[in-house]
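Chains Y and F, in that order, give the protein sequences. Numbering of the first sequence is given in the numbering used here, commencing with residue 4 and proceeding in unit increments. Numbering of the second sequence is given in the numbering used here, commencing with residue 4 and proceeding in unit increments.
In short, the hints are calculated from the structure, not lab data. Honestly, I wouldn't trust all of these hints.
It does not matter which identical chain is meant; a pair holds if it fits inside one copy or across any two.
[Unchecked claim] The calculated DSS-like cross-link candidates involving lysine-lysine, where the alpha carbons are at most 30 angstroms apart (straight line), are: (1) LYS328 / LYS86; (2) LYS22 / LYS298; (3) LYS54 / LYS22; (4) LYS328 / LYS122; (5) LYS297 / LYS86.
One-letter residues, chain by chain:
Protein chains: 2
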Amino acid sequence: MLSVNVDLVDRSYPIFIGKGLLGSPDVIAPFLHSGRILIVTNDTVAPLYLKQAQELLGNCDAIVLEDGEQYKTLETVRKIYDKLLADKYDRDTTLVALGGGVIGDMTGFAAATYLRGVKFIQIPTTLLAQVDSSVGGKTGVNHPLGKNMIGAFYQPECVLADTEVLKTLPERELKAGLAEVIKYALINKPEFLTWLEQHQEQLMALDGETVSEAIRISCEQKAEIVAQDERESGIRALLNLGHTFGHAIETAAGYGNWLHGEAVAAGMVMAADLSMRMDWLSQEDALRIKNTLKKFGMPVAPPADIGEQQYRNIMLSDKKTRAGKIRFILLKGIGNAVLESDIDSELLARTLQAQEQLCQT
Amino acid sequence: MLSVNVDLVDRSYPIFIGKGLLGSPDVIAPFLHSGRILIVTNDTVAPLYLKQAQELLGNCDAIVLEDGEQYKTLETVRKIYDKLLADKYDRDTTLVALGGGVIGDMTGFAAATYLRGVKFIQIPTTLLAQVDSSVGGKTGVNHPLGKNMIGAFYQPECVLADTEVLKTLPERELKAGLAEVIKYALINKPEFLTWLEQHQEQLMALDGETVSEAIRISCEQKAEIVAQDERESGIRALLNLGHTFGHAIETAAGYGNWLHGEAVAAGMVMAADLSMRMDWLSQEDALRIKNTLKKFGMPVAPPADIGEQQYRNIMLSDKKTRAGKIRFILLKGIGNAVLESDIDSELLARTLQAQEQLCQT
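Please model the complete structure; the sequences and the hints are all you need to start from.
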C-alpha cells in the first residue's frame with residue numbers, strides 16, 4: 004500500500020492507495036468514530052461495490068443516487084439532507100462517498116453543510132476521482148449557469164483509493180482519468196510526462212503497481228500545491244490547466260455529454276495551442292502534448308459546433324474570471340504552467356476557431 | 004460609537020454599534036474591497052433602508068426577498084445564487100446582509116457557498132440580529148424537518164449595528180430581541196440581569212445610549228464564548244439556553260408563527276422550570292426569570308396545543324441531540340448555565356406539561 008499525506012495544518016489527511024483496500028478494514032478503522040455512518044453512492048457503483056463497502060464499514064445504511072453529472076445539483080444534495088434528517092442522523096455522523104467525482108463533490112458538500120458540518124470519508128471509484136477530486140477539499144454542485152458554482156472547501160478524514168475497483172471502470176472513463184494524470188506532468192513535473200509515455204501500455208492495461216504509482220505521483224503533486232494554497236488564492240489556480248476551455252466545452256455540450264476528463268484533455272490542447280501562439284511553447288512541445296493525449300485515446304479537439312462568442316460568454320461567467328478578465332492557465336514550456344489573464348483577443352480567437360488544426364500552425 | 008472585537012485568530016472581525024452608522028461611510032470604508040457588492044434584503048426592510056444602504060455602499064445592486072422565517076429555505080438561497088450568476092458576480096464579490104436574522108443567515112450561507120466562498124458584511128436591522136445572529140458565524144437555512152439543519156460556519160468582514168433602525172422595528176420584535184439579551188445575563192453574567200431590570204423602561208423606549216450598551220454587553224458575552232469555541236464542540240452550546248425547548252415550539256407552531264425570540268423566552272422559562280425540578284435553581288430564582296421576561300412583555304409559557312410526545316419527537320431530531328440523547332442547557336443558579344443530557348424522563352414530562360404553571364410547584 005502507498006500513501007500520500009495532504010498537509011493542511013489542522014485539517015491534514017491521508018490518501019491510501021493500493022489493491023483491495025475495500026476489503027481491508029484495518030486501514031480505515033482508525034478513521035471511524037463512534038457515530039453513525041451513511042454511504043452515499045450511485046446506481047452504477049452500488050451493484051458493484053456497495054455490499055463490500057457496507058461490510059467494510061459495519062453494515063451501515065446507504066443512499067443510492069442517480070448516476071451522472073446532470074444530477075450534480077442542489078436538488079440531489081437535497082435528497083441526501085432529506086435522508087439524513089428523516090433518519091435522524093446527528094452531528095457525530097460520518098458520510099462516506101463511494102463513487103466518482105460527482106458523488107465525492109456532492110457528499111463533501113452535504114457533509115460541509117449538514118448541521119453545519121459532519122465528518123466525511125472518500126472511497127473514489129474512478130481514476131479521475133482518485134487523482135483529482137479526492138485531493139484538495141473542493142466540494143459542490145453545478146448550476147444551470149455554470150459548473151461547480153455552489154460549494155465549499157471541506158476536507159475528508161481520509162481517502163481510500165483502491166486500484167482494484169478500476170477494473171470495472173468503462174474504458175472511456177479510465178482514459179478521462181488519465182487526462183488529469185497527464186495534467187500534473189504538464190503543470191510542473193516534465194519527467195513524469197516521459198514516465199507516462201513510457202508506461203502507457205501498463206497504465207491502460209491497469210497493471211496494479213504502475214497504476215498505484217501514477218496515482219501516488221498525481222496525488223502528491225496536487226497535495227503539494229493544495230498545501231501551499233488551500234483556498235485557491237494563488238498557485239492552486241495552476242491545477243486548472245485545461246479547465247477554462249474544458250468547462251466551456253462541458254457547459255456548451257450540456258453536462259454529462261462530455262466527460263470532465265475528456266473536456267480537460269481537449270482544453271489542455273487548446274491551452275497548448277494558445278501558449279504556442281503567444282510564443283511561450285514550442286510547436287514541437289505543443290504537438291507532443293496533443294499526440295500524447297491522442298495516444299492515450301483522448302479527444303484532442305473541441306466539438307465543432309461551439310462558436311467563438313459562445314466560448315467567450317461561458318468563460319466570462321467562469322468562477323475563475325476576475326474583474327471581467329478570463330483567467331487562463333498556459334504553459335511556458337512543459338512542466339511550467341503559469342496564470343495569465345492578459346490575452347490578445349485575436350490570438351484567443353484563433354485558438355477558439357482552430358478545431359482539428361490545434362497546435363498545427 | 005461602541006465596538007466589540009470577535010476574536011477568532013485569522014477570521015476576527017469587529018462589530019460597530021451606534022446611532023446613525025448607516026449614514027457613516029467612514030466606518031464601513033476600510034471593509035469594502037475592490038470587487039462588486041450585492042445587498043441582500045427583504046421587502047419589509049427595503050422600503051425603509053435600502054436606499055440609504057445603497058448610498059452608503061456606492062449605489063450597488065440589491066436583491067429583495069420575501070420577508071419571513073418561512074422563506075428561510077434552500078429555495079430562497081437559490082434565488083440569491085441565480086441573481087449572482089445571471090449578473091456574473093465573481094469571487095471578489097461582497098454580499099451585504101441588510102435585515103434581520105433570516106436575511107443574515109441566508110446571506111451568510113450564500114456567501115459561504117457561492118463560488119466556494121465570497122466576502123460578506125452584516126447590517127442587522129433587528130435587535131435580535133444585532134445581539135445574536137450577527138455574532139459567531141452561524142449561517143444556514145431551515146428544512147421542513149428542522150430549523151437551521153443546513154448551513155455553515157462562516158464569518159463576516161464586519162457588522163454594523165445601527166441603533167437608529169430599531170425605531171421602525173415592531174414592538175413585538177423588539178421584545179423578542181430583548182429575550183436574547185436577557186439570555187446572556189442568565190448564562191454567565193448575573194449582574195447584567197439586575198442592570199436590565201433597572202433599565203427596563205429606557206430599553207423599551209429605545210433610549211440610544213442604553214440600547215447601545217445592552218447590545219455591546221450582549222455581543223461581548225457572545226463573542227467571548229464563540230472565541231473559545233467557534234465550532235460549538237463545547238462551551239458554545241451554553242448559548243442555546245432556552246433553544247432546545249424554543250426550537251421545538253417554533254417547529255410545532257410552524258415557522259413564522261412564533262418569533263424566534265418569543266420561543267426562546269418561553270424556552271428559557273421551561274429550562275428554569277426543569278432546573279428547579281432538578282433542585283439546581285431555587286424557586287425564587289426561577290420565578291424571577293419568569294417575571295422579568297413577563298415584565299419585558301414576552302410569552303412565558305408555550306402554546307397549549309403541543310403534546311409531550313410531540314416535544315420529544317421534535318427534540319430528538321434537534322441537531323444538538325447526540326447518540327439519541329437530547330441536550331439541554333440548564334441553570335445551576337442565575338449566571339451559571341450548564342449542559343446536561345442526562346435528564347430524568349419524569350421530571351422532563353412535568354416541565355413539558357406545566358404550561359402556565361411553569362416555575363410554580
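At 30 angstroms max between alpha carbons, let me know whether LYS54 reaches LYS22 within a copy, between copies, both or neither.
within (18 angstroms within a copy, 63 angstroms between copies)
Treating 30 angstroms as the Cα threshold, decide for LYS328 and LYS122: within, between, both or neither.
Answer is between; shortest inter-copy Cα gap is 20 angstroms, intra-copy 37 angstroms.
From the Cα coordinates, with 30 angstroms as the cut-off, is the pair LYS297 and LYS86 best called within, between, both, or neither?
neither (43 angstroms within a copy, 40 angstroms between copies)
How would you label the pair LYS22, LYS298 (within, between, both, or neither) given a Cα cut-off of 30 angstroms?
Answer is within; shortest intra-copy Cα gap is 26 angstroms, inter-copy 69 angstroms.
Within, between, both or neither, where LYS328 and LYS86 count as close if Cα-Cα is 30 angstroms or less:
Between copies only: 20 angstroms across chains, 41 angstroms inside a chain, cut-off 30 angstroms.
The structure fails to meet hint 5 from the earlier list, while all remaining hints are met.
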